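*Asks:* Protein chains in written order, with the working numbering: chain A, 129 to 591; chain B, 176 to 545.
Any given hint might turn out to be false.
[Unchecked claim] Coverage of chain B stretches by chain A, computed from C-beta distances (three or more under 8 Å per stretch; other residues unrestricted):
| hint | stretch |
| --- | --- |
| 1 | 207–220 |
| 2 | 275–282 |
| 3 | 286–293 |
| 4 | 383–394 |
| 5 | 464–476 |
For the record, the hints were derived by calculation from the structure and aren't laboratory data. Just so it is clear, the structure is predicted and the values come from calculations on it, not from any experiment. Every residue, glycine too, gets a C-beta built ideally from N, C-alpha and C.
This is what each chain is made of:
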Amino acid sequence: MDKAKSLVDKKGASGPFHVNNVQSPRGLNGLVVVAANGSCSTSNALGLSTGPGSSSSSSSSSTFEMHHLHRGEEKDCNGSPAKRSRLRRRTESVKRNRPPFPWFGMDIGGTLVKLVYFEPVDITAEEEQEEVENLKSIRRYLTSNVAYGKTGVRDVHLELRNLTMCGRTGNLHFIRFPTQAMPRFIQMGRDKNFSSLHTTLCATGGGAYKFENDFRTMADLELLKLDELDCLIRGLLFIDRVGFNGHPECYYFQNPSDPQSCVKKPCNLDNHFPMLLVNIGSGVSILAVYSENNYKRVTGTSLGGGTFLGLCCLLTGCETFEEALEMASKGDSTNVDKLVKDIYGGDYERFGLQGSAVASSFGHMMCKEKRDSIRKEDLARATLITITNNIGSIARMCAVNEKIERVVFVGNFLRINTVSTKLLAYAMDFWSKGQLRALFLEHEGYFGAVGALTELLKTSEDL
Amino acid sequence: EKLKKSFPWFGMDIGGTLVKLVYFEPKDITAEEEQEEVENLRSIRHYLTSNTAYGTTGIRDVHLEMKDLTLCGRTGNLHFIRFPTHDLPVFMQMGRNKHFSSLHTTLCATGGGAYKFESDFRTMADLELHKLDELDCLVRGVLYIDSVLTSGPSECYYFENPSDLDHCAQKPYTLENHYPLLLVNIGSGVSILAVYSENNYKRVTGTSLGGGTFLGLCCLLTGCSTFEEALEMASQGESTHVDKLVRDIYGGDYERFGLPGWTVASSLFCDGFHMMFKEKRESVSKEDLARATLVTITNNIGSITRMCALNENIERVVFVGNFLRVNILSMKLLAYAMDYWSKGQLKALFLRHEGYFGAVGALLGLLHPS
């Protein structure tokens, strides 16, 4: 806070800092604080909420953070020609309201960290010459590998190519690693001297709060914390707008009730609103989205992807999400679940419950003979079905109550999980007698991270 | 179809896990009547009322007995008996051995099993079941039992100060102006009904994550084999060892949406620190797992119920069903959840006769067919 004060106290452009009062494209008044290193950010010190859902109480983005300033350090304006041209470039960058590279958006969830990285491909020879070593090294490391350490993965198939963001052209990369490996990540940031790059690290998800201190103490990095649901919506709308390398981002299933003719079809989230957004991560959040800046969290459930994986690990001894899904694909849950026909001997017609509907999940497992006769694969399948159907049921109730017909499912529970995806499509269609439609998005669990990135770049006119 | 209302008077609810049987024992038998009473009828009455356990798994819940009840002009005691649906063949065999079919009385039955086992009753015991819908019977049974004036404890109760799980007290409640009420029946699975009047109700929704799920999962995770064992373990466990709380993800509260740190963000959660890694998995006890399962199932029901109450605009929620039998932990959790998440608007109510209302409704179906 002392830093903020000292900033504002400085007068004119003669000092290393100057303060502009700008009208951003979004019509928001705020102080834009420009530091000599070229980074800039918008102050919400006036207490204006800038994000969606602004009618609710405290918004995390209303906290102004001098994230880009190193404690006590001030950049020297004088110096070598290289330094001066760096400064010039940054000033030009500032004129276009561009933050310095690297550009990241990070979403630290309960199970996974999602990282989006913008790799500029329009770097001029001059820029390249001036580029500091660690920035170059970061770029090379990220783009020349598809795996990082033991658990980091770059989803190459999701890469968005030749995207224009904030006046620069580049590729958007999608990287994930378990939250459990966060200390290693922070360590890497320290080793690569990330903090010297004076770039803002925009982070969302619970981990942005939980690991805030660790970033500070271990890597001298200040996170700009953003609300996860704000970022989710912003990220989703952004990706839908720019498209997936010329293809639609959004898809649905035609004939979901018929396994023979069930087929994936692209669609546009054209008249987006209103939509019910169901984010299935470790847990589940369900949002009713009426417009870009107007949404509410309807409800949530704690039985999410984390439950599926946790239960599977306990019941089958598997250790990864991929293993759990593999097992589930080979199992038969009807050996584990008690169906309506197991209780009624057929359909429960009076209330429209088919014999094949599950009456009691895991209901057969109280019986020893049944326990002894099922396989791990059956248990994995039953776990998947149970969690998925529960989410579908809750989502449907919300859709009915909010009077919304479009239900968009996102989140990494659906990653490589066609069983759940199709089941959700089927459930929405069947139980609503065709009134509701389930929609899915290719970039599944990355929207929070994308939203964090767009927040970093938000002063740009290109957005 | 003319129902034969001679003794014995039974109401039977054959559920997915348990058979619930109510038996009316007449106490106003005249000397003449006694003399004419056929042997097997006397034998049945004697067998049922002089035992509290039947075979290896049948149990009569004596504490639920309703004494000096007047039904259809007769005075007597209403008995509440249960046994696993798994042992229905034994029951049918008994019916055959005691020549139940010769008694020329109608056997009113509800629940899925009334349909599933209909032909077995016919072939094994020469008995024709009169089938009634389980939700009709449930509603009927609830309204009847609540209306009976007894000198005993109040049928309906709630928990005062549900936010304090250790000190919240059970208090009687008069369900006078019944309607509308949300009736949540937690058996093997769950049905949620909106009841507007005695003859006007609808099934709002249901969930397959019910008592059967709790028991099934517990058996798998802990090796226990009965409901009572599972509950015992759960009472000793600590679910926060297993669940991922909002606090674990956020390092505190998720204030923006009013989610306190102790809220469970992901049940039976696994992340690198938890179930995915063998070391952690092995450090969690069976009791913790039982607890987490109980809490997960209960909270899920609570959450769905709350949504229904909100949408149906109903403030009173009555929870019934044998999942709540001897399960005060779930009752308190439900009471707490209703109160907390609705900021005091919703009240969770419970009924002493828990899972027997379907059977009572079936008995009424015999005596007062509508």
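*Asks:* Evaluate each hint against the coordinates.
*Replies:* Right, here's what the structure says about each hint:
no., hint, in the structure
1, 207–220, "violated (count 0)"
2, 275–282, "violated (count 0)"
3, 286–293, "holds (count 7)"
4, 383–394, "holds (count 10)"
5, 464–476, "holds (count 4)"
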